Amino acid sequence: MRRRLVALAGAAVLVVAACGGAASPTPAASPSPGQSAAPSAPASPTGQPKAGGTLVVALPGDITRTDPALIDDSNSSYVMTQVMEGLVALKPGTTSEVVPALAESWTISPDGKTYTFKLRQGVKFHDGTDFNAEAVKFNYDRWKNFPTELQDYSYYAGAVFGGYGDTSNIASVDVVDPYTVTITLKQPNSSFLLAQTLTVFAISSPTALRAGKADNSETDVSKIPYAQGGPPAMVGTGPFKFKEWVVGDHVTVERNPDYWNKDAVPYLDAIVFRPVAEEAQRLNGLASGELDFAQVVAPVDIATIRQNPDLQVIDRGESCNIAQISMNHKYSPINNKTIREAIAYAVNKQYLIDTFYAGLAVPADNWMPLNTLYAKPLNLPTYDPEKAKQLIAESGVTDLTIDFYYPSDVTRPYMPDPKGIFEAITSDLEAVGFTIVPHTETWRPDYLDHEYAGNFEMWLLGWTCDWAGPDNFLKTAFFGYVDGEPSTEFAYRNDELEKTMNDALAATDEATAKALWEKAQDLIRADMPTVPLVNSTPPAAARADVKGFIGSGNLTEYFNTVWLDR
Amino acid sequence: MSSSAPSLSLGRRRGGRAVEARVSRGLWADALRRLVRNRPALVGLALVAVFVVAALAAPVVAPYGPYERAGGQLEPPSPAHLFGTDLLGRDVFSRVLYGAQISLQVGVVAVLLALLTGGIIGALAGGFGGWVDAALMRLTDVLLAIPGILLAIGIVAWLGRGMPQLMLAIAVTYTPIFARLLRGSLLALREVDYVVAARSIGASPLRILTRHMLPNAVTPLIVQATLVLATAIIDIAGLGFLGLGPPDPRTPEWGTMLVDARRFLQTAPHIVFFVGGAIVVSAIGFNLLGDGLRESLDPRLKR
Amino acid sequence: MIRYIVRRLLGAIPVLFGLSIVLFAFVHLLPGDPCSAILGQHRTEEACARLRANLGLDDPLTVQYLRYLGSLLRGDLGASVINNKPFLDEFLVRFPGTIELTLGALVFAVGLGIPLGRLAARHAQSWLDGVVTAISLFGISIPVFVLGLVLVVVFGVGLGWLPTQGRIDARLRFESVTNFMLIDTLLAGRPDLFVDAVRHLILPSIALGSIPLAIITRITRASVIEVSHEDYVRTARAKGLTERRVDERHIMRNAWLPVTTVIGLQVGGLLAGAVLTETVFVWNGVGRWVVDAIGNRDLTIVQSTILVFALIFLVVNLIVDIGYAFLNPRIRYA
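Chains as they are written, first to last, in our numbering: chain A, 71 to 636; chain B, 566 to 868; chain C, 4 to 337.
It is possible that some hints are incorrect.
Here are the computed lysine-lysine pairs in the DSS-like style, where the Cα-Cα straight-line distance is at most 25 Å [said to hold, decoys possible]: (1) 446/A with 283/A; (2) 313/A with 332/A; (3) 242/C with 313/A; (4) 283/A with 188/A; (5) 88/C with 283/A; (6) 120/A with 293/A; (7) 207/A with 194/A; (8) 88/C with 293/A; (9) 293/A with 283/A.
Quick look at which bits of chain B chain C covers, simulated, 3 or more residues with Cβ under 8 Å [unchecked claim]: (10) 655–668; (11) 674–680; (12) 709–715; (13) 727–734; (14) 798–804; (15) 852–862.
Restraint-style ranges between C-beta atoms, simulated for each label pair [claimed, not checked]: (16) 319/C with 846/B: 28 to 36 Å; (17) 67/C with 611/B: 51 to 59 Å; (18) 48/C with 327/A: 44 to 52 Å; (19) 402/A with 321/C: 56 to 64 Å; (20) 55/C with 578/A: 42 to 50 Å; (21) 292/A with 177/C: 22 to 30 Å; (22) 138/C with 611/B: 14 to 22 Å; (23) 177/C with 122/A: 15 to 23 Å; (24) 177/A with 48/C: 38 to 46 Å; (25) 319/C with 401/A: 48 to 56 Å.
Hints in this document: simulated from the structure, not taken from any laboratory.
A quick note: this is a predicted structure, and the numbers were derived from the prediction, not measured.
Beta carbons: idealized from backbone N, C-alpha and C, even for Gly.
Build the full structure now, drawing on both the sequences and the hints.
What follows is the structure, encoded as structure tokens:
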């Protein structure tokens, strides 16, 4: 996704996904965060887990804030996932399977509007206060009633609940008894439950929220201690406790010995998260032993890591991302469908995979990974430069000059080397007769801002899913309308597609939903609005003695099962 | 930009005596004679010559085109690819040759720009003195006080991305150095006999400046210029590292190539070795030549 | 002497004034709206307008400048627009790291550069001279970040002698008091940690010190050569003094002057080089912070950091110049 997490755009995936089944291809071997996570589970085939030690984890960048409700980036959410818990969670290693967390169980009313959560008893926040229905209500009310000034930082709350205050889709949050809470929606929303697995909907201690001015009393985010490192900050119920954030240097979390799930108390004493922007230094730090774990490593380094017996490459399994050549239809010649088709034929995707992804990717044959719910192969064009030339000739377009953009200073999980990929694609396109005018901008804030505003004709971008649902890719990430009109980003108008996707979201039975989502895919395929490139699994790497880690395609990963064999 | 003027203070101090009346007779002939006897300088000259020839002859000499996919990915050096290949299978040797062209161009343009602007500022300040001098020198102090790379980031961010902008950004960071060098030399020359004499016979200030002072004050500038030629490449690399390099990522510019190659330091160290080597060798060439020139142009250092 | 110092101090006032204008222009010429940096791409126009009003960005530029100048004169360097933390607090957390790094680099550059320069001068225009020049130029022609990575791969990963990143072992629980690792470790009574901090300092110092090393070597060489051709040196030699005595008493004493000046000028370059070095070595200093601030359009931080950098540059060079004038009375009329 753009800033990685971002956007569900109000609606979503079907309940079906949430209840397991089709959407979770990895069967249930892995323990849930709150459930049978550890000592009892066969954590590793190589031996008995050992307690103790500090794990040093390299992240690509620093966290942005310490209030889970006010973040939208993956570095922050990666750290908070260790400390904070919501009512429900994603099963470790999956991208769409909901398991209980702070809610032991839940029921959904037949009209799909009322969710009743039975809460876990005896759970305490890290500040010693009790977790109960009042705490849940306090948090949900806070999100629902975010003051205008804070709404720009709480993207998910706005997107998932469809607005704030009176426009929020949440009618009310009611305390039934100290350990039962109901959330009543105005309109049924089949993705509601799944959305609650996001770290941004983790429950904070109301006492801490008040003390940290995060109770909507302060509207300037820079003056909310709870968001700026505290104290207090990140006061949740999770297996780790927030210790400190030294901006630009590290975030430390410590084992929570009082974790409510005695079977899932972490082995590690502490985790230190460090922002290591320079890719080579992640590898060097692992090799020297200064780092234990790198959240993402460069695919070009995979071979080096495999040769080193002290290190291991961690495969994240199923892909939940896509890289694509994005296109804005207000520009010529990109507004010509035949030209877009020609571009799709001109690009050698396999070459990209071999060169930049170390083989850890497959050519995209859809606008989402094929393991996504309802995704089907679309037989997208494969590398055929002759066909591309032929299409260009057929199109009758004579001015084949295209402005093409890439971000100059980042790598993304779905795009490990934007500059190199850009070079390769540019060569491919020039080989069939296009004239490419290269442009670049730094990722933040220019690149994202300008592509979203529609300033680019053609550019490299991708999406990492929040969960593996078709709406998360097709609608949220790409082609959904904004305020009833095509987005400025793609300027791609297809009213029938928009209607089909909205109908699919509103569908109450699975067969209808499936048919509508398949129709949506056909509609997109017919227009070829952008050119999908690859679906990849971003590799992690660790010291060989780091055990018990469970990777996930969307980087929702829990470290309470991790232990050090040293 | 991070490397400020080594010869700065020397130039200022030396100016007064470095230029003597007899120098104007056969400065270049004299200097040339001394230069050919200075072995390191000759080595420098030879290296610079290789660099220039490589730059000019790249299209003829290079076995492959700079963008051409000529081999496999990250191949080590072989007879077919003397310097190996890069990630996209391009011939590193050919790219280094073409890179000489671009790097020379960048260096020369940046130096000329810095010389021109710095020279004008320095000439005005040193030539006229008084409040002009005071004002212009405070201006250069301001520029000098801002770390060069931050100044360059600001300029690139302001003017947008591109090779011309990069050259301008680098030129600006060197401008105050040239200005101060020239001013220092000129100030020292103000009291030199022949200038005093020219003034006493009523020559106009402009004529004194252009005819008598400037020609005698350029030596430190020349030396500084040879240094900047080399460091300009490093400066572009620094900006590239921060994501502000040339917009066409395929440009075979040495600094940019080095920025990319650092990612393969462990998997394919030959790229860093050869590209870095090209920069080192050319920098050594320019610097040895610069040293030689300085020593040749300074008659007191005659052996 | 007093008059000279006073004159130099007065001379700094217009520079600071000019600097405030340049800095103000610098951050206001940066394209890109702080709105997009602070609020992200999904911001609403109302939110943006509110933010601009809060930051006073809608006022005329002259008003904004005067407000900026006013706060500077009150000694108020502002607060981050991202997290509202006062600039000075945040700066003082990071600046010790940059100081340690810069001093480490200077120690390396001066400690090695002066002997190398003297060696080259003594054998001027010989092959030894050429070799020294080549070695010193090696540093100047390899970008800091590449040299840093090469050092890390060789000494950190390959030989395993030195740590590759950070200011101290990340696994240590360690309370910082002054944020100078070298001081804090000793305050904590942990000489072992002090050693660890020093070991962390070595590679980045070499990487950052490579450019000043080249410059100091070259300037020492040039200065020694120049002085050794002075009449008083010839006289000293003619008197039959030993070469060693000539070297110590006549050459170095005079050759030091320009070398000192150049060392002063390196401070600016070192602060700039720290921007890159800190990124490579995951060094929590001011350099990395200011580059991030430019990316985040945290205008206050950018303005104030550059201002402090410039102040340091001016003060260091003032001290150098005063010391220079003190040692060398000839300079005062210049």
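These are the hints, each one checked on the structure:
1. 446/A with 283/A: violated, 48 Å
2. 313/A with 332/A: Measuring from Cα to Cα gives roughly 21 Å; hence the hint holds.
3. 242/C with 313/A: violated, 72 Å
4. 283/A with 188/A: Between residue 283/A and residue 188/A the Cα gap is close to 29 Å, so the pair fails against 25 Å, i.e. violated.
5. 88/C with 283/A: Judged against 25 Å, a Cα distance of about 15 Å means the pair holds.
6. 120/A with 293/A: Judged against 25 Å, a Cα distance of about 42 Å means the pair is violated.
7. 207/A with 194/A: Cα-Cα ~16 Å, so holds.
8. 88/C with 293/A: Measuring from Cα to Cα gives roughly 8 Å; hence the hint holds.
9. 293/A with 283/A: Given that 25 Å is the threshold and the Cα spacing comes to 8 Å, the pair holds.
10. 655–668: violated (count 0)
11. 674–680: Three-residue rule not met by the region 674–680 of chain B, so violated; n is 0.
12. 709–715: holds (count 7)
13. 727–734: n = 0 at 8 Å, threshold three: violated.
14. 798–804: holds (count 4)
15. 852–862: holds (count 5)
16. 319/C with 846/B: 28 to 36 Å: Since the Cβ atoms of residue 319/C and residue 846/B sit about 34 Å apart, the hinted range of 28 to 36 Å holds.
17. 67/C with 611/B: 51 to 59 Å: Check passed, 56 Å falls within 51 to 59 Å.
18. 48/C with 327/A: 44 to 52 Å: holds, 49 Å
19. 402/A with 321/C: 56 to 64 Å: holds, 60 Å
20. 55/C with 578/A: 42 to 50 Å: Since residue 55/C and residue 578/A have Cβ atoms about 46 Å apart, the given range 42 to 50 Å holds.
21. 292/A with 177/C: 22 to 30 Å: holds, 28 Å
22. 138/C with 611/B: 14 to 22 Å: Since residue 138/C and residue 611/B have Cβ atoms about 19 Å apart, the given range 14 to 22 Å holds.
23. 177/C with 122/A: 15 to 23 Å: holds, 19 Å
24. 177/A with 48/C: 38 to 46 Å: holds, 42 Å
25. 319/C with 401/A: 48 to 56 Å: Holds - the Cβ-Cβ distance for residue 319/C and residue 401/A, about 52 Å, lies within 48 to 56 Å.
Checked against the numbered hints listed earlier, the structure breaks hints 1, 3, 4, 6, 10, 11 and 13; every other hint is satisfied.
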